[in-house]
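Can you build the whole structure from these sequences, using the hints too?
Just so you know, the protein sequences line up as chains C and B, in that order. Under the numbering used here, read the first sequence as residues 1 to 408, first letter to last. Under the numbering used here, read the second sequence as residues 409 to 486, first letter to last.
Because the hints were derived from the structure by calculation, they are not lab data. Here the structure is a predicted model, which is why all the values come from computation and not from measurement. The C-beta atom is built at its ideal place from N, Cα and C for all residues, glycine as well.
Here are a few chain B residues that face chain C, going by a calculated C-beta distance under 8 Å: (1) E418; (2) L438; (3) F445.
Restraint ranges, calculated between C-beta atoms of paired labels, are given here: (4) C:S127 / B:S437: 18 to 26 Å; (5) B:D427 / C:M204: 56 to 64 Å; (6) C:G124 / B:D427: 34 to 42 Å.
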Amino acid sequence: MTGDEIVVTGLGMVTPAGVGSEATWEGVCKGLSAAMPDPRLAGLPVDFSCQIQGFQAADHIGGRAAWRMDRCSQLAVAAAREAVRDAGLTPAAWDADRVGVVIGTGIGGQLTCEDEHGKLLSEGHESVSPTVVPKIIPNMPAADVAIALRARGASMSVSTACASGATAIIRGRHLLDSDSCDVAIVGGADAAVTRLITTGFARMGVLSRRLDAPELASRPFDADRDGFVLGEGAAVLVLERLRTAQQRGATVRAVLAGCGETNDAYHVTAPHPEQRGAETAVRLALADAGAVPRQVGHVNAHGTSTRVNDAAEAALLARVFPQAPPVTSAKGALGHCLGASGAVEAALTVLTLQRQVIPPTANLDTADPEFELDLVSGRAREHEVELALSNAFGFGGHNVVLAFRRHA
Amino acid sequence: VNAVLSGKFEVPSDSMRPDMTLDSLGLDSLAVIELLFILEQETGARIEDTEITPLNTVSELVTLAEGRRQLVEETPSA
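Spelled out as structure tokens, the structure:
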């Protein structure tokens with residue numbers, strides 16, 4: 001263990017609110033939902049989603065590399081390139097053996113999988129592209145980032161469903177703690193707004209059915225919420241030890257102060273009724289940060305907009321944080337970007353600490369009266385925050401909580 | 409062939425000459441398999457990946473593809 005503080009020196013995001021970190025931040029701060037009708041989902045029980053507009057893979061990756069990648073990898077590589085550039089790092093110049101990559105994905109190359117499977121069924125095996133396997137296997141977002149950036153250290157994918165992006169951040173921190181690398185490129189990506197995945201979530205009853213007004217469908221913590229909206233995206237953070245960052249004169253955006261991760265070991269999809277696993281993850285993250293609940297000035301919630309998830313998370317936050325720190329959920333604006341969401345929300349939390357501004361929860365018109373929370377809605381709120389949490393929970397009972405501290 | 413090379417594989421068309429190998433245009437073995445796959449989809453000319461490798465030239469590929477395409481066109485359709 002090096003014992004050094006781990007800091008965030010770079011951010012990159014590609015989300016339904018925009019291509020790039022600033023576009024995403026501005027979009028989320030406007031408090032408007034990116035949900036809209038999705039022609040690819042025509043005829044399904046839910047035919048809207050949060051899609052990324054105006055993303056041209058060739059602009060970010062180069063066409064020669066882009067054709068080999070599923071959209072999930074393309075988004076990851078675009079976000080990683082932005083994050084590395086933002087950190088002031090140059091892949092051509094860095095000690096490549098000391099750069100690690102951990103990219104979480106909930107699903108992986110699902111668009112390619114469904115397209116090629118469709119061809120296999122309708123036109124036969126000779127119509128299937130020879131690139132299908134390296135496009136759909138779930139390690140590829142990490143591998144494609146490593147290849148694109150010439151990062152030769154440890155690299156891997158992690159998968160904890162909708163917490164994958166946050167889990168990746170913890171694994172990257174461990175690579176730095178154990179001195180396995182000097183730069184950790186970490187984050188999450190998913191591009192699974194497909195007919196099969198949408199149908200699957202719809203069959204589970206977790207998607208909003210607000211077909212007449214998709215832009216109002218994702219409404220975390222609102223009394224009228226009825227499910228989440230499927231989204232897609234990627235976010236990547238560059239992590240370094242504080243000393244390394246200072247030595248090269250990098251701008252520190254925030255400190256990754258503590259991490260907590262648990263499993264409910266209870267149910268495939270339902271949260272534990274007393275939120276035991278999630279509460280332990282919160283307490284572990286705070287203990288790791290050397291902090292107590294009273295010091296938490298903001299929580300960027302998982303807040304999916306489902307009845308059950310938001311109720312469970314609200315109960316947990318009200319119980320652990322009697323001081324009622326301001327709470328927001330980015331999923332009102334972005335929808336649920338699955339394995340990317342933990343990384344997107346971590347990146348937004350970092351920006352909140354840097355700018356002392358908390359984005360609003362889109363579509364939160366009337367907070368559920370059961371919730372004893374200070375929810376940020378309507379417009380972004382200026383607020384003094386020293387310590388903030390980012391929550392991510394995933395199917396399978398995964399609970400991941402990250403504590404970020406403002407860098408003085 | 410030129411259209412596929414400059415389109416999907418982003419080989420600048422002014423840098424392409426018939427005597428250049430596919431390898432020198434930046435295509436590796438997987439890219440060549442994908443290229444042959446696209447040619448078959450678009451023209452019906454079937455070429456095995458044992459017949460063309462990254463070390464073959466553009467003109468060798470074009471010759472082979474044209475020969476196969478004639479075969480396809482001469483074959484009476486059922």
